[in-house]
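Residue numbers are given in my numbering: position 106 of the sequence shown equals residue 147, and the series is strictly consecutive.
None of these hints come from the bench; they were simulated from the model.
It is possible that some hints are incorrect.
[As the list claims (entries may be wrong)] Restricting the straight-line Cα-Cα distance to at most 30 Å, the calculated cross-link-like pairs of lysine-lysine (DSS-like) are:
(1) Lys171 / Lys130
(2) Lys340 / Lys149
(3) Lys171 / Lys239
(4) Lys377 / Lys117
(5) Lys117 / Lys149
(6) Lys259 / Lys171
(7) Lys170 / Lys377
(8) Lys340 / Lys148
(9) Lys259 / Lys241
(10) Lys130 / Lys340
[Unchecked claim] Here are the in silico distance ranges between beta carbons for each label pair:
(11) Pro235 / Lys282: 51 to 61 Å
(12) Glu366 / Ala179: 22 to 32 Å
(13) Gln362 / Asn323: 18 to 28 Å
(14) Gly201 / Pro367: 21 to 31 Å
(15) Asp140 / Glu204: 45 to 55 Å
(16) Gly201 / His321: 17 to 27 Å
(17) Thr217 / Pro346: 32 to 42 Å
(18) Ser105 / Thr162: 17 to 27 Å
(19) Ala120 / Leu306: 11 to 21 Å
(20) Ala211 / Pro343: 47 to 57 Å
(21) Ala179 / Ala211: 51 to 61 Å
The beta carbon of each residue, even a glycine, is placed where N, CA and C say it ideally should be.
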Amino acid sequence: MTSSAESVDCVVIGAGVVGLAVARAMARAGREVLILEAEEAFGSVTSARNSEVIHAGIYYPHGSLKERLCIAGRDKLYAFCHAYGVTYKRTTKIVFAADENEVPGLKKLLAHSAEGGVYMTYLPGPEAKKLEPNLVCAAALLSPLSGIVDSHGLMLAILGDAEAHGAVIAYNSPVTGGEATDSGVIIQAGGATPMTLKCKTVINCAGLSAQSVSRAIKGVAPSTIPPQHFAKGNYFYLSGKAPFSRLIYPLPGAHSLGLHYTLDLAGQGRFGPDVQWVDHINYDVDEGRGPQFYAAIRKYWPDLPDDALRPGYSGIRPKIQAPGEPARDFMIQLPKETGVNGYTALYGIESPGLTSSLAIADYVAERL
42 MTSSAESVDC VVIGAGVVGL AVARAMARAG REVLILEAEE AFGSVTSARN
92 SEVIHAGIYY PHGSLKERLC IAGRDKLYAF CHAYGVTYKR TTKIVFAADE
142 NEVPGLKKLL AHSAEGGVYM TYLPGPEAKK LEPNLVCAAA LLSPLSGIVD
192 SHGLMLAILG DAEAHGAVIA YNSPVTGGEA TDSGVIIQAG GATPMTLKCK
242 TVINCAGLSA QSVSRAIKGV APSTIPPQHF AKGNYFYLSG KAPFSRLIYP
292 LPGAHSLGLH YTLDLAGQGR FGPDVQWVDH INYDVDEGRG PQFYAAIRKY
342 WPDLPDDALR PGYSGIRPKI QAPGEPARDF MIQLPKETGV NGYTALYGIE
392 SPGLTSSLAI ADYVAERL
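Sequences are here, hints too, so could you generate the full structure?
Set out below in structure tokens:
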């Protein structure tokens, strides 16, 4: 560890989609920005392991950061992709009621969404079947604003624009410690060339590592750091022809949006994610979960052939609520909440984090 500290204006910890977006927003605001990334590439953890869905903003509690930043982020994301040549597709999405018992819940979601300013079309079962002949349901909602995006291309474009405005990224640079001071935060970064950085502003966008980074910085009160829980989501790929042309989602549950069907930009179909609470981070996909996938999918696509699913990939949601607890909002702590001059921390940035990323970045940059 070097004895002399190098002065840096603004350090962003974590180069997932949210960290990159925050770095870009700060750089565009004229700040000198250094991004510290523990891995050897950007966006290789949570940002690379999701559905790549652009969410419309139909599910979240009114007034919540998730709702506000998802809706604003969705519009910013489409505009950014258009301006910077990032591949995306406005696929639209169907949210369905599997049977008559779920229809009241579907109508409730329709009303809730409209109250938030996001409008969908109600489709009786036969109308839904006209759009998606393989879908078996009692009724459905059509979301015209949903889509999919090339998440790697998106992050590449965000980083490129951040670098064009002077931001610099350091890979293989995990944060190993730090200390709050009156004039900012001292950060120690490990790796092949350890650094000690005296920072005016530090923004913790470390995702799954956000809590451990905060705990490593002396002066951040433990009471400000929320609990951490890992909810693994497994995906299975579909062999053969894609059965649906849109995103297909069941009515959401308490902890996830249900075992849904998405497709990538090449047209490869996949189902997931499920919810598997885990104590440790690992990305193995358990083939033994296959029967649960077949059972859930056949409720709305009875013609799913045997042996059509193969294990795909998994991701870990950085939850700040435990199993059985109600979902919590994004937690964005500015210095007055962290209690440390110049230190901002983001926790629990799960879905719709990708959709919300550019809006989260503007929210943070405007307040700093």
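Taking the hints in turn, this is what the structure says about them:
1. Using a Cα cut-off of 30 Å, the hinted pair lysine 171 and lysine 130 holds, with the two alpha carbons roughly 21 Å apart.
2. At most 30 Å may separate the alpha-carbon atoms for a hinted pair to count; lysine 340 and lysine 149 meet this at roughly 22 Å.
3. Distance check on the hinted pair: lysine 171 and lysine 239 sit about 61 Å apart at the alpha-carbon level, beyond 30 Å; violated.
4. Restraint check: the Cα-Cα separation between lysine 377 and lysine 117 comes to about 28 Å, which is no more than 30 Å; the hinted pair holds.
5. This hinted pair checks out: lysine 117 and lysine 149 have alpha carbons roughly 27 Å apart, not beyond 30 Å.
6. Taking the CA atoms of lysine 259 and lysine 171, the gap is near 60 Å; set against the 30 Å cutoff, the hint is violated.
7. Restraint check for lysine 170 and lysine 377: not satisfied, since their Cα atoms lie roughly 52 Å apart, outside the 30 Å limit.
8. A threshold of 30 Å between alpha carbons decides the hint, and for lysine 340 with lysine 148 the separation of about 20 Å falls inside it, so the pair holds.
9. For the hint linking lysine 259 to lysine 241, the alpha-carbon distance of about 16 Å falls within 30 Å, and the restraint holds.
10. The straight-line distance between the Cα atoms of lysine 130 and lysine 340 is roughly 27 Å, inside the 30 Å bound, and the hint therefore holds.
11. At roughly 53 Å, the beta carbons of proline 235 and lysine 282 sit within the given window of 51 to 61 Å.
12. The beta-carbon spacing between glutamate 366 and alanine 179, approximately 30 Å, falls within the hinted interval of 22 to 32 Å.
13. For glutamine 362 and asparagine 323, the hinted distance range of 18 to 28 Å is satisfied, since their beta carbons lie about 21 Å from each other.
14. For the pair glycine 201 and proline 367, the beta carbons lie near 39 Å from each other, so the given range of 21 to 31 Å is not met.
15. One distance hint, 45 to 55 Å for the beta-carbon pair aspartate 140 and glutamate 204, holds here, with the actual separation near 52 Å.
16. Between glycine 201 and histidine 321, the C-beta spacing of about 34 Å breaks the proposed range 17 to 27 Å.
17. A hinted range of 32 to 42 Å is violated for the C-beta pair threonine 217 and proline 346, which are about 51 Å apart.
18. For serine 105 and threonine 162, the hinted distance range of 17 to 27 Å is satisfied, since their beta carbons lie about 24 Å from each other.
19. Taking the beta carbon of each, alanine 120 and leucine 306 are about 19 Å apart, inside 11 to 21 Å as hinted.
20. At about 52 Å, the CB distance of alanine 211 to proline 343 agrees with the hint of 47 to 57 Å.
21. For alanine 179 and alanine 211, the Cβ-Cβ distance of about 53 Å falls inside the hinted range of 51 to 61 Å, so the restraint holds.
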